[in-house]
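Student: Letter by letter, the chains look like this.
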Amino acid sequence: MAFLELENVRKVFGADAPAVEDFNLQVERGDFVSFLGPSGCGKTTTLRMIAGFETPSSGFIRLDKVDITNRPPNQRNVGMVFQAYALFPNMTVGDNIGFGLKIRKQPAEAIRKKVEEMLALIHLPDKGQNYPYQLSGGQQQRVALARALAISPQVLLLDEPLSALDAKIRVELRLEIRRIQRQLGITTIYVTHDQEEAMSLSDRVVVMSRGVMEQVGTPFEIYNYPKTSFVASFVGTLNQLRCTVVDAKSGRLSYNGQHLTTAEPVSQPDGATVTLMLRPEELRLGSEGGENRLTGTVETVNFLGSIVRVSINLGGAPITLDIFNERKLELPWVGQAYTLSFPPHACWVMAEQ
Amino acid sequence: MKSNTFWAWLIVVLGILYFFVPLLATLEFSLRAGRPDHFFSLVAYEKALKDPAFLKSMTLSVEIAVFTIIVTLLIIVPTAYWVHLRLPRLRPVVEFVTLMPFVVPAVVLVFGLIRIYSRPPLAFTYYTWSTNLLLVCAYSVLSFPYMYRAVDTGLRAIDVRTLTEAAQSLGASWATILLRIIFPNLRVALLSGAFLTFAIVVGEFTIAVFLARPTFGPYMSLQIQNKAYEPAALSIISFALTWASMGIIQWVGHRAPGQVQVGGAR
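Protein sequence lines, in the order shown, are assigned to chains A and B.
For the first sequence, my numbering assigns the number 1 to the initial residue and increments by one for each residue that follows.
For the second sequence, my numbering assigns the number 1 to the initial residue and increments by one for each residue that follows.
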């Protein structure tokens, strides 16, 4: 039996459509699982149900084999980190971290030791006497993390903890979160709408849309083997081309009269319109990328540092491809015609949406 | 641009004159209580402060003010907190209810109280202590608009919901959250509300007179009817007390970390 289990969890607010529908998840002890999805997909509601701030309309939540579905949040032993830090402004950093232990009536000496230990863990050993307003956003969020961890929770819940921070601090802190999580081996649920965050941090990612779980898998599976078109388009950048099936058995398609081949047979019948999906990094400028070739005019060239993103108009639909940057790279010219190529195994075919 | 600045300054100057001229006139008058050839005299202050009735009435007013502040805090803070946290839709209703003392005149309120609480089984006006209790209740109602607004502004300045949830996830009960998180973070707002309540109670006249309690308001009124200089001195003392209160609010506001200032004036 899994350590944290959500079984048929459903949440409805008033007369609205369900915020979360038929949610089933099993999380093993020490796992780092991210809930990824756009705003309003139900990821935060699900997290709040685990924390106890919302009660499921139906279904069960079990933690270490104990049913906690209707247990109040202050009796769950679950640590929570919020987007807005939520440090108590009237308390010092040390008092904030020790608050949960004080509530648990731990001896003063034990609290002092734990606070010191936590301050060392978040690399802020000399900030115990500071007030939250004297810290930067990144430091405040570290303290919030330490405060949540000080009570030795069974599960750590993080609700978009990095959204309010600068890009650089965000990357630093996300590495820090993963380091601490591994060091303590704590079961963690992380809510984010940032796919890069979810991919880089998680053992498993739960992609959600409109209250429904679309797919659960490792970041590699989610990115490379999406099960729904939503997952395919939400995670990473994706080119979508409307093609006609020429020969389903051999996987032959036609796009604007140009023939393409997929690695596997197409399940739709001949003559059907399907969507061909291609990741930008699988496409090559020139003819050396594979046997599938398309020609078009370069519309834009965006220099992004390590990669250059090129948009090519294929007669109506633009297609994006990524080129790795190098010093001697010759950038394509806007307005000029180019051939792009890709191998059959880069193609995923889905029924037209 | 220059013309705008001129008019702005003119309005500021007129405002200052409007507020300060009567005050200076009162101050000047209160200092004339000595012999006619002595311009500056503190005789009026001496007499006013030495009058045993002054001390008695002031003590009673302060006692009633303290109890009023406690009752108002216990009613308003949990109400405003709960409205912010769970019933935001009810906010206009609660605001309207707390504004009722502005709509219902004090004289109507006190007549209502006398009608209900002056005959058995609720004969509160029979005894001094129970009449004082009635006075505390009436003053609590009068101070609702001020206390509610001060607390509401304080609650708007902090993220009540997230702080509450953070405390809950750390194991805190509702009582702990109110006492250790909400009250301390509203310190300045509560102090503002408390001082405004204090100012209202100390200066209130109508309800105290009809309930026949010798508080500071009726005492002042009696002085005005019978004496010339002492009431002016008492007014200045009263103003000084109010301003000292405001000074304390500012001082505490600057000292308390992460606090929001909520001002007010009598």
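Check each hint, because a few of them may be wrong.
Stated by the list, open to error - Chain A stretches covered by chain B per the calculated footprint, using a threshold of three residues with CB under 8 Å from any CB of chain B:
1) 18-32
2) 88-94
3) 145-156
4) 199-209
What the hints contain is simulated information worked out from the structure, not anything from laboratory work.
Ideal Cβ placement from N, Cα and C applies to all residues, glycine included.
Student: Next step is simple, just say for each hint if it's right about the structure.
Tutor: We went through each hint and held it up to the structure:
no., hint, verdict
1, 18-32, "violated (count 0)"
2, 88-94, "holds (count 3)"
3, 145-156, "holds (count 3)"
4, 199-209, "violated (count 0)"
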